[in-house]
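Which chain is which? The protein sequence lines are A and B, in order. The numbering used here numbers the first residue of the first sequence as -16 and each following residue consecutively. The numbering used here numbers the first residue of the second sequence as -16 and each following residue consecutively.
Honestly, I wouldn't trust all of these hints.
Note: identical chains are not told apart, hence a pair may lie in one copy or across any two.
Said to hold, decoys possible - With a Cα cut of at most 27 Å, we get these calculated DSSO-like pairs of lysine-lysine:
id, residue 1, residue 2
1, Lys201, Lys152
2, Lys319, Lys331
3, Lys311, Lys(-5)
4, Lys301, Lys331
5, Lys331, Lys282
6, Lys204, Lys152
7, Lys345, Lys198
8, Lys41, Lys1
9, Lys84, Lys204
10, Lys321, Lys204
11, Lys331, Lys280
12, Lys311, Lys223
13, Lys152, Lys50
No lab work stands behind these hints: they were computed from the structure.
Protein chains: 2
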Amino acid sequence: MKLKSSKSKATKTAEAKKERLLALLKSHGSSIYSDLDKGKFPQFTIPSRSVSNIVYDKKLRQYILGKAAALRSARNMSQLRSFTQLSWLAFFVNRLIREGKSSTLRDIYYSSQAFAIDFEDQPESDNIIVDLEAILTHAREDLHIFPEERSSVFGDLTIEYTVPGYEGKRVNLSDHPDGYLIGPSLSSAEIVDTSAELVIAIEKGGLFTRFVEEKVHKKFKAIIVDTAGQAPRSTRYLLKRLNAEMGLPVVILADGDVYGEHIAMVIKSGSANAAHLRELTVPDAKWLGVWATDIEKYKLPTIPMTESDIKRIYELQKDPRYQEGNWKKQLEVFLKLKRKAELEAFSKYGLTNITDKYLPEKLEIAKSL
Amino acid sequence: MKLKSSKSKATKTAEAKKERLLALLKSHGSSIYSDLDKGKFPQFTIPSRSVSNIVYDKKLRQYILGKAAALRSARNMSQLRSFTQLSWLAFFVNRLIREGKSSTLRDIYYSSQAFAIDFEDQPESDNIIVDLEAILTHAREDLHIFPEERSSVFGDLTIEYTVPGYEGKRVNLSDHPDGYLIGPSLSSAEIVDTSAELVIAIEKGGLFTRFVEEKVHKKFKAIIVDTAGQAPRSTRYLLKRLNAEMGLPVVILADGDVYGEHIAMVIKSGSANAAHLRELTVPDAKWLGVWATDIEKYKLPTIPMTESDIKRIYELQKDPRYQEGNWKKQLEVFLKLKRKAELEAFSKYGLTNITDKYLPEKLEIAKSL
């Protein structure tokens, strides 16, 4: 007779992940002890994150780190400080994971003071957190360090929590029409089921609400994600999971300006800052709009670009990801127009124009992208 | 035999509110028609929002408008533009309410273009929205115009939605530990039930998560609200309702600086900009901290104030609400210290110090405030 386990699949998956992370931290800790036992100075080897070691990988379609590595050795006086900070952070993160507690970048900075670990300022502790990410090749969210910014999600998506006190509990993210925050619990939850066939990421809360009101989730069988501007990492992580685990295509709607185009690009291929990670990109994500060419096509009300908008276009024109196709073309048209249009601009044609006309037209066009 | 109504109390309350608002709009519309029938130029009478007409009411403990009023008459060439804008807005809002659709300030600006109504820029349309609020003495949220910013709430609070498609549906806001967005659906929902005895408003998302993790909602029988900085109006409206409808005391935790003190003050007594409204204040709300005096008492890590921090203290010292008691005292101590401390600073004493020590101590002190 087979005994039925009282633990759900989600709980077991979460526990296995936790054990893997703890084992990884332990292996680094052990190597410090082992070095000390051998009379050697302990050290960390960190993939170099200097500009010269960040390259765009066309196959992976994201930035990756090259082979260069940096040492943080207890032997070197100038590295002793960062070696100690890194050792403390690994210790602290180990505790966060064991105790199932979450933290923020700011919080880590202050927490160090409880242990008399000296960080000059938060940028210094932030930098050490990225070092640890690079060493472990795990996003800081896996290490229970979450962003302060929160975006949200809505749609027929059933998740099962794995955070303490909520293990095994399931919710369907269509029960609260204002949306569910994408925080630590949602990020660490298992995705159980969905009837959706598409994920629509949209830049603005007001339009997220419009989409829910106009039942875009039903009409287009979609999960709707509010990125609230540049998508926070936990939001990109969720988009990645919906794409990779559930096989859902991801499309992106953002304001018709250079920042909107880059919001889409970062969801698709990440950022140079996160070249050491693989969990934050959705290479097949499609940017639906608002394109520069949509501004003329739909005769949208526009706003003149500022100097910094134009400067940003020139910057992105140097980025390897903007060297071809539609990404390149739209930057050129933006530069020619020197004007931008917001998603709300479609309200010129009525409140539901964006959901009734623009969205279906662009989804049709996206099929050939 | 008595037939049981198929509509819930919440649905009926919401419908009654909707009818009241539509009747109010209709009465203003009728007076325009009636003026026209009599051969008179139609006009709106708007309570004046000029600085000279805004007074602090010690009894109501908030700013209110005096008796001065302004006219927007179709007779006066210089008022014809704003008269027309206002008439259009009343028409448009009437449609939003009838159709159960929501909008944002930005969206209203663009929507006007669908009707060839001219607004120079968004500040002009924002201003007309406040005029309509003042005329109707209803917050723009009642008129289905919501802020873009969203904050969140968590705790044992059962609500019943009244928005289209969700009428009669209930949720308990403790099912999703990352928190529920306070958007149009939550703002318009009926509050059904709660076991909470207290509402804790906290300035930051990271600490909101910590409070949930440390089960503050259970230990202190509390509903926890993340204000995400200065509380958006829909958040202040929810705090007001939890206080007025459910009789729950409201306490506020914000960063230990002049902005934190003012976040608490605005939750308590509103702002001069909203002197025409009564739904956005919680006069009995208590500011728990972080006080300037807490910085020394708890030996918190601090950051030096900037020039603009100090300038802001001088500004608030002229505000009638900061002329006495603890509000006055703390401004003085901030000015003396010229340093500030964040809520996260308590992590110096361990991650749970803020929930295990600081919060209970301050709640005890609050009893005598």
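Outcome of the hint check:
1. For the homomeric pair Lys201 and Lys152, the shortest alpha-carbon distances inside one copy (25 Å) and between copies (18 Å) are both at most 27 Å.
2. In this assembly of identical chains, the alpha carbons of Lys319 and Lys331 lie at most 27 Å apart only when taken from the same copy (23 Å versus 53 Å across copies).
3. For the homomeric pair Lys311 and Lys(-5), neither the shortest alpha-carbon distance inside one copy (45 Å) nor that between copies (55 Å) is at most 27 Å.
4. In this homomeric assembly, Lys301 and Lys331 never come within 27 Å of each other (Cα to Cα): the closest approach is 35 Å inside a single copy and 43 Å across copies.
5. Taking the closest pair of Cα atoms, Lys331 and Lys282 come within 27 Å of each other only inside a single copy of the chain (10 Å); across copies the shortest separation is 55 Å, beyond that limit.
6. For a Cα distance limit of 27 Å, the shortest separation of Lys204 from Lys152 qualifies both inside one copy, at 25 Å, and across copies, at 21 Å.
7. Taking the closest pair of Cα atoms, Lys345 and Lys198 come within 27 Å of each other only inside a single copy of the chain (17 Å); across copies the shortest separation is 45 Å, beyond that limit.
8. Taking CA atoms no more than 27 Å apart as the test, Lys41 paired with Lys1 passes in neither setting, with 32 Å inside one copy and 56 Å between copies.
9. In this assembly of identical chains, the alpha carbons of Lys84 and Lys204 lie at most 27 Å apart only when taken from different copies (21 Å versus 35 Å within one copy).
10. For the homomeric pair Lys321 and Lys204, neither the shortest alpha-carbon distance inside one copy (36 Å) nor that between copies (55 Å) is at most 27 Å.
11. In this assembly of identical chains, Lys331 and Lys280 lie within 27 Å of each other by CA distance solely inside one copy; the values are 14 Å within and 56 Å between copies.
12. In this assembly of identical chains, the alpha carbons of Lys311 and Lys223 lie at most 27 Å apart only when taken from the same copy (24 Å versus 50 Å across copies).
13. Within a single copy, Lys152 and Lys50 get their C-alpha atoms no closer than 43 Å, and across copies no closer than 56 Å, so neither meets the 27 Å cut-off.
Going down the numbered hints, you'll see the structure goes against 3, 4, 8, 10, 13, while the others check out.
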